[in-house]
Amino acid sequence: MSAEATNAPAPATLPPAGPAPQAQSRKRRSIFVRRPFFTVALVIAAAYLLAAAFAPHVAPYDPVLQSMDAMMQPPSGAHPLGTDSYGQDILSRVIFGARYALVIGIFSVLIGAAGGLVIGLAAGLSGGWVEWALMRLIDSILALPSLILAVAFIAILGQGVDKVVIAVGLSMVGPFSRTVRADVMQVKVQGFVEAAHLMSIPSLQVIRRHILPNVIFPLAVQVTIRISEAILVSSSLSFLGIGVTPPTPDWGLMIAEGRDFVSFAPWMSAMPGFALALLLIALSIVGDGIREEYDPKSRRGA
Amino acid sequence: MMLDTATTRTAPSRTAPIFELIEVEKVFQVRPPGRRFTREKVGLRALDGVRLSVEKGASLALVGESGSGKSTLLRMVAGLDAPSGGRALYHGRPIREVRAEGPGFARDVAMVYQDARGSLDPRMTVGALIAEPLRHFGIVPKAQEETRVGELLERVGLPADAAKRYPSGLSGGQVRRVAIARALASEPSVLVADEAVSGLDVSTQAQLLTLLRKLQQEMGITLVFITHDLGVASYLCEQIAIMYLGRIVETGPTDAVLNAPAHPYAAALRGAAPRFFEPIPEPLPGEIPSPLDLPKGCRFSTRCPMAQDDCRTRDPQLGTLGAGRAVACLHPLAPSDT
Ligand SMILES: Nc1ncnc2c1ncn2[C@@H]1O[C@H](COP(=O)(O)OP(=O)(O)OP(=O)(O)O)[C@@H](O)[C@H]1O
Ligand code: SF4
Ligand SMILES: [Mg+2]
Numbered sequence: 001m002s003a004e005a006t007n008a009p010a011p012a013t014l015p016p017a018g019p020a021p022q023a024q025s026r027k028r029r030s031i032f033v034r035r036p037f038f039t040v041a042l043v044i045a046a047a048y049l050l051a052a053a054f055a056p057h058v059a060p061y062d063p064v065l066q067s068m069d070a071m072m073q074p075p076s077g078a079h080p081l082g083t084d085s086y087g088q089d090i091l092s093r094v095i096f097g098a099r100y101a102l103v104i105g106i107f108s109v110l111i112g113a114a115g116g117l118v119i120g121l122a123a124g125l126s127g128g129w130v131e132w133a134l135m136r137l138i139d140s141i142l143a144l145p146s147l148i149l150a151v152a153f154i155a156i157l158g159q160g161v162d163k164v165v166i167a168v169g170l171s172m173v174g175p176f177s178r179t180v181r182a183d184v185m186q187v188k189v190q191g192f193v194e195a196a197h198l199m200s201i202p203s204l205q206v207i208r209r210h211i212l213p214n215v216i217f218p219l220a221v222q223v224t225i226r227i228s229e230a231i232l233v234s235s236s237l238s239f240l241g242i243g244v245t246p247p248t249p250d251w252g253l254m255i256a257e258g259r260d261f262v263s264f265a266p267w268m269s270a271m272p273g274f275a276l277a278l279l280l281i282a283l284s285i286v287g288d289g290i291r292e293e294y295d296p297k298s299r300r301g302a
Numbered sequence: 001m002m003l004d005t006a007t008t009r010t011a012p013s014r015t016a017p018i019f020e021l022i023e024v025e026k027v028f029q030v031r032p033p034g035r036r037f038t039r040e041k042v043g044l045r046a047l048d049g050v051r052l053s054v055e056k057g058a059s060l061a062l063v064g065e066s067g068s069g070k071s072t073l074l075r076m077v078a079g080l081d082a083p084s085g086g087r088a089l090y091h092g093r094p095i096r097e098v099r100a101e102g103p104g105f106a107r108d109v110a111m112v113y114q115d116a117r118g119s120l121d122p123r124m125t126v127g128a129l130i131a132e133p134l135r136h137f138g139i140v141p142k143a144q145e146e147t148r149v150g151e152l153l154e155r156v157g158l159p160a161d162a163a164k165r166y167p168s169g170l171s172g173g174q175v176r177r178v179a180i181a182r183a184l185a186s187e188p189s190v191l192v193a194d195e196a197v198s199g200l201d202v203s204t205q206a207q208l209l210t211l212l213r214k215l216q217q218e219m220g221i222t223l224v225f226i227t228h229d230l231g232v233a234s235y236l237c238e239q240i241a242i243m244y245l246g247r248i249v250e251t252g253p254t255d256a257v258l259n260a261p262a263h264p265y266a267a268a269l270r271g272a273a274p275r276f277f278e279p280i281p282e283p284l285p286g287e288i289p290s291p292l293d294l295p296k297g298c299r300f301s302t303r304c305p306m307a308q309d310d311c312r313t314r315d316p317q318l319g320t321l322g323a324g325r326a327v328a329c330l331h332p333l334a335p336s337d338t
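Residue numbers (full-length UniProt numbering), protein chains in the order written: chain A, 1 to 302; chain B, 1 to 338.
Since the hints were made in silico from the structure, they are not lab data.
Treat the hints with caution; some may be incorrect.
Here's a subset of chain A near chain B, in silico, CB distances under 7 Å, partners left out [said to hold, decoys possible]:
1) Q190
2) A195
3) M199
4) I201
Cross-link-like lysine-lysine pairs, in silico, DSS-like; alpha carbons within 27 Å at most [what the hints assert, rightly or not]:
5) B:K296 / B:K41
6) B:K164 / B:K142
7) B:K41 / A:K188
8) A:K188 / B:K56
9) B:K56 / B:K296
Examples of chain A residues toward chain B, derived with CB under 8 Å [claimed, not checked]:
10) D139
11) F192
12) L198
13) S200
14) H210
15) P213
16) N214
17) P218
Think of the CB as a built atom: it goes at the ideal place given N, C-alpha and C, for glycine as much as any other residue.
Next up, chain A with everything else stripped away, as it sits in the complex (with noise of 0.2 Å):
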């Protein structure tokens, strides 16, 4: 029966591939023409982090030295950004601020993100009752707001920077252990998972090959997002006084500090609060740009 129709399959030629690596890497590099906002914001992260890192030699003066002759001196030449009720230089500290910022901010979402990563991962790929429980965990951890929850681990704690960082690490855990989890359900039901299952592939290994990679990339972009988090949570800590200790040069300890001159010197909170409100500009739209830009469901929408 129709043989003309079956007999001769036409010779194929290779239809053209997908887009050529070229104009991929071409696509990449254009990001900062195409995100001008992107841009900048990236160039003031940028700052801030060079400015943390060589803070000594960036800074005029040394943070936590004291003057009794430069008390609340309104900026000058001598010290652009004032002096506080100390007589420390306030640009120095709002310098050495940053370090504690971005210090505090980046280990404290890496812990977050590493025990969302375990418990996201637990319950996403339990199912049963260790899932539910886990979840029941992360929802009453959830249903209080980041701030609480950091208040309450440093009445546990005690002060200091590093149990700041311990502290917000661990109030995040709950909001990176629920995308981990999404993303784990979202993954394992694929094609390729089962796929890999058919062909007799230990779970472990499918868990290390395939599933994991695939939920590795989302939480990184999450990290870079939730960096202004972390850092916003912590400066809230210090203002409220219970988190870093003065006279460590940190931002919202400035900003505490400065409240009760408010009217008549109101440089020593606004140029922390601004250093603050700036760098928390910035990581989220460079945050943004990344989710935007390396999102995996519009790349694999392709």
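Position chain B with the ligands against the provided structure of chain A, taking the given hints into account.
For chain B with the ligands alone, kept in the frame of chain A given last:
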């Protein structure tokens, strides 16, 4: 080289067919439609009284409308799902049991998914994807892996440099080829493929069909192939099984069945596809009944032009009709009727 490894590996019981399905049922527990907030579940009979046997070296096309249970049947054959009733055997032993014993079955029976792109890990390169079964089953020493990946790519008509690409950078047809190359990597003796060529342009389709036919004829691979396209079925497969609402309603040699269908549904399918190498358009008048609420008697009676009174009371089972053919109909068409 593929042939002798394949034949020596599948030595046991020469007489038993590779796959044998005896009165297989598959019931999915689903929420009743239109009632989203209920815990109550009803049974959906995706497969109902399926009888099928696949001999070694055979090529079988599974044809039927969407929702007729083709994928479900294939998943069962691959050992992904257990039957809820009846027996699904591989060389005379339950498929799930054989599969649980070790990687032997997985190596022997390779599957090409309906959703080829979804079956490939988006974060692995094509090379890594094809190397995975090579390494997992220890097909070639590590040093030869790259060469073998190149050979497999060449065999499915992809350039060797495709190995460095990611699936997201490949077209639908290329992804399908990668999936086939990956399935062939383990040197299987059985290939089960779910719509491996549908939705591709004609020349790509033709190229893949030529490849599959060559594998089937030269390597003696057993092929179970789902398709919507009677042309593909008749080009590639010697046997055909036509499914309707979870049951195989007619089976036999492809040419014989398509030239002189005995089941009214097979005849309607044939009539709805005047030209081959095109997906079946709107095959039949009338709604396909819901598998949640199968018609009484013959499941085709609501749409069957030949239906008679007894069709609404008796459910015909698949029974032989001479010359390797079988049909599930109380009043099969005589060859002259078509
Ligand atoms: N996991 C599942 N849970 C519930 N119902 C299912 C499941 N898998 C399949 N079904 C149902 O079983 C029936 C047969 O589905 P199946 O996927 O086997 O059809 P098919 O013939 O492959 O269709 P298509 O040509 O569209 O791929 C359908 O009614 C479908 O809704
Ligand atoms: S049994 Fe009756 S209703 Fe069913 S296909 Fe045959 S003739 Fe049609
Ligand atoms: Mg299907």
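Next on the checklist: Hint by hint, where does the structure go against what was stated? Just the numbers, ascending.
Outcome noted: Numbers 8, 9, 10, 17 - these are the hints that the structure violates, sorted from lowest upward.
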